[in-house]
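There are 2 protein chains.
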Amino acid sequence: MSINANNATFQKLIMLPGPTNVPIEVTQAMVAPSIGHRTTDFSSIMKEMIRKGKILFECNEDVIYLSSSGTAAVEASITNILRKDDKAIVTVCGEFGGRVSEQISSVGASAIELVADYGDFPSLSDLERALEKNPDTKAVYIVTNETSSGAMCHWLKEAGDLTSKYGAFLVADAVSNWGADKMPLEDYNIDFIATGSQKSCAAPPGLAMIALSKRYKEQMFKDPQKLHFLNLPRYIKMSDKVKQTPFTPCLPVYFALNKAFDIMIEEGMENRYVRHQVCAKAFYDAFEAMGLQLFGEPKARSNTVVSIAYPEGLDDKEFRGSLSKNYGVVVAGGFGDYAGKIFRVGSLGMINEYYVLTTISSIANNLNRLGFKANTDAAINAALKNLSKL
Amino acid sequence: MSINANNATFQKLIMLPGPTNVPIEVTQAMVAPSIGHRTTDFSSIMKEMIRKGKILFECNEDVIYLSSSGTAAVEASITNILRKDDKAIVTVCGEFGGRVSEQISSVGASAIELVADYGDFPSLSDLERALEKNPDTKAVYIVTNETSSGAMCHWLKEAGDLTSKYGAFLVADAVSNWGADKMPLEDYNIDFIATGSQKSCAAPPGLAMIALSKRYKEQMFKDPQKLHFLNLPRYIKMSDKVKQTPFTPCLPVYFALNKAFDIMIEEGMENRYVRHQVCAKAFYDAFEAMGLQLFGEPKARSNTVVSIAYPEGLDDKEFRGSLSKNYGVVVAGGFGDYAGKIFRVGSLGMINEYYVLTTISSIANNLNRLGFKANTDAAINAALKNLSKL
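Quick note, the sequences are listed as chains A and B, same order. Going by the numbering used here, the first sequence runs without a break in its numbering and finishes at 404. Going by the numbering used here, the second sequence runs without a break in its numbering and finishes at 404.
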């Protein structure tokens, strides 16, 4: 029997750390007529996006939208303020921290890495020590959620207190967990949050969002970068002047994200943080009860990316291929050296009891199917113990 | 009476130089389930996009897709090969040529500008002279269609012959006219074509497309740029390896552009060139017959952006506002110093008799409504004389 038995398109459960399942009303919002991006049709949408963005990011400055992936927003956080020989501290414990470190070096700045093992996350003390040693640090870059390994920063608020003390900028590469984990920009003294539309917002990919502090904004204008596409002062000037973008915006995803923001505002950010925490814990408890080994340090566990170590002898391609083909559930593999050693479940966006329980039972059944004993009942019960809090 | 009299959404005629009207089947293609961008679901789409792109661009190397606006692709054509003190010749006769010149300087290269008045386009002799004077020119950047003024390059093929002779790279910023004007990459000895999804392709904005030569590719790999988002070698490596992108792709617009490419292939590029030429000429003849003054040099006239000078006393906001509100037709204003002096009609993508005639009669009626005599019959007849060729 196949999931495509009736020959129609089967919409799989996309349990990836982004892209993720998109609510139908968000998808449908993209079916709208073309509009001119230099007309009031567009600026009225922009006004709304800015208004809603400021509510959700809890920031005072207008939110900036880039028609690009999240990576471009992270790159912008570097090119717009770091200059040759500036010092920048960066958390490195996986693929994405490594990228940020590279990008910092690319602009001729000095990357001071806070390193942790794959599956772990650097500590607040690591940051404290680095700042003591380098009090002239210009900026601290925290990858708040290391998507490649499933480790997250649990001390973001404290980081903001520290950077304030030292006068360093605090930049959060929060591409995969903004919208799921708490990080109010002003309250936490964060200077820059970079994120994307296709992760915890449950919109399609195509837009990156940037919230920034007045301080960061002033720094950029003091010494603007030269290239255009990631030149944030250009975006701010166009937005301030006419509520438009300097370069053609990805209209369909504006329409989609505008709708996704309504959904987020209606649920409320505090509820979203709880929902993500509860569902993540349901997954962790369920996989352990199932008989699997959780990957990574318990103290570093992400609320949006759940990493599991493969039992000896279970082939990644076979496991994930069978899960997709026979159960319609798509999970991610591991990155780099960990390809074939772990799989990662994206637990974000629309995540709720349905997605958690369906994923758990599909994975348990899939393991049994492939000859690896999995305790389905124990897993489901462990999950339900947590999900009852929702 | 209002175009919104029945309180439903009125889908305006978007006669802008991009974004433009999108066929319903292209819009509908975006209503598709989320897929994983690191799965075979995506790589099979990518394979198709590359196959179709190579047919349409008439190039041998795989086409590259950036999830960004066209500007980013143009910027990439600069950052990926120009280095400090390299010489680059660039056509400058409006906003977009000016931007390319700035971006060239941004990377520390020397921009040698071929300048023409707004509404005109530099000549082949200008390029010849510049190359004679600077035989060590690394690259020539031609903005094939200066969207801000409605002037285009009519000697692109000859440019390719020249640059081949001198061993310089030829880069075409063809954001607004690829898909409308002939520019087969290999045949014309072009090294890089940068364009966007929302112009002559009649898809929504959100993707930029790059076709390049083997020569340009090899140069990039010899001395790759450091930053990530526009790092084309990264895109090429991921594509060669697994038919995926290094950063999350804008899925909805992949789906849309994939469908738009089918439409383009079915019509055939040669037919598209003819359609765009005939419709543009229909517009030019009609506006003259109507009693309006065409803006710009006749020899430089664009096939996709038709620029008209406002008669004395006609206010831009009033004219375009009334055209949009009372006729549902949206045209563009002028840029910079020409704001208020000209209006521009985008004649690209889905352009055909219907769009041409509706736009012409709407504009004529609008002029008469505002007290400016316009000869509607003469205009329509002048248009029909051309459109009968389709």
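Any given hint might turn out to be false.
Claimed, not checked - Below, computed lysine to aspartate or glutamate pairings styled on EDC-like, alpha-carbon distance capped at 20 angstroms:
1) A:Lys339 <-> B:Asp55
2) A:Lys251 <-> B:Glu109
3) A:Lys255 <-> B:Asp100
4) B:Lys251 <-> A:Glu39
5) A:Lys240 <-> B:Asp100
6) A:Lys240 <-> B:Asp330
7) B:Lys240 <-> A:Asp351
8) A:Lys255 <-> B:Asp351
9) B:Lys339 <-> B:Asp351
10) A:Lys240 <-> B:Asp329
11) B:Lys98 <-> A:Asp99
12) B:Lys331 <-> A:Asp55
13) B:Lys240 <-> A:Asp55
14) A:Lys251 <-> B:Glu116
15) B:Lys255 <-> A:Glu109
Stated by the list, open to error - Partial pick of chain B residues on the chain A-facing surface, computed with a CB cut under 7 angstroms:
16) Val36
17) Pro37
18) Ser83
19) Glu89
20) Ser115
21) Ser336
22) Asn340
23) Gly342
24) Val344
25) Met364
26) Ala392
27) Ile394
28) Asn400
29) Ser402
Hints in this document: simulated from the structure, not taken from any laboratory. We put the CB at the ideal spot given by N, CA and C, even for glycine.
Structure-based check of all given hints:
1. A:Lys339 <-> B:Asp55: holds, 12 angstroms
2. A:Lys251 <-> B:Glu109: Holds, because 17 angstroms separates the two Cα atoms, which is no more than 20 angstroms.
3. A:Lys255 <-> B:Asp100: violated, 36 angstroms
4. B:Lys251 <-> A:Glu39: violated, 36 angstroms
5. A:Lys240 <-> B:Asp100: holds, 17 angstroms
6. A:Lys240 <-> B:Asp330: Violated, at roughly 33 angstroms.
7. B:Lys240 <-> A:Asp351: Violated, because 23 angstroms separates the two Cα atoms, which is more than 20 angstroms.
8. A:Lys255 <-> B:Asp351: holds, 17 angstroms
9. B:Lys339 <-> B:Asp351: violated, 26 angstroms
10. A:Lys240 <-> B:Asp329: violated, 36 angstroms
11. B:Lys98 <-> A:Asp99: holds, 19 angstroms
12. B:Lys331 <-> A:Asp55: holds, 15 angstroms
13. B:Lys240 <-> A:Asp55: violated, 38 angstroms
14. A:Lys251 <-> B:Glu116: Roughly 18 angstroms between the alpha carbons, so the hint for Lys251 of chain A and Glu116 of chain B holds.
15. B:Lys255 <-> A:Glu109: holds, 18 angstroms
16. Val36: holds, 5 angstroms
17. Pro37: Violated, because the Cβ-Cβ distance from Pro37 of chain B to chain A comes to roughly 10 angstroms (cut-off 7 angstroms).
18. Ser83: holds, 4 angstroms
19. Glu89: Given a least distance of 5 angstroms, the restraint on Glu89 of chain B holds.
20. Ser115: Not OK, violated: Ser115 of chain B not within 7 angstroms of chain A, min 11 angstroms.
21. Ser336: Violated: closest Cβ of chain A sits about 14 angstroms from Ser336 of chain B, beyond 7 angstroms.
22. Asn340: Violated, about 15 angstroms.
23. Gly342: violated, 10 angstroms
24. Val344: Since the shortest Cβ distance to chain A is 5 angstroms, the answer is holds.
25. Met364: The hint is violated - Met364 of chain B has no Cβ within 7 angstroms of chain A, the shortest such distance being about 10 angstroms.
26. Ala392: violated, 29 angstroms
27. Ile394: At about 25 angstroms, which exceeds the 7 angstroms cut-off, the nearest Cβ of chain A leaves the hint on Ile394 of chain B violated.
28. Asn400: This hint is violated: Asn400 of chain B lies away from chain A, its Cβ roughly 25 angstroms from the closest one there, beyond 7 angstroms.
29. Ser402: violated, 28 angstroms
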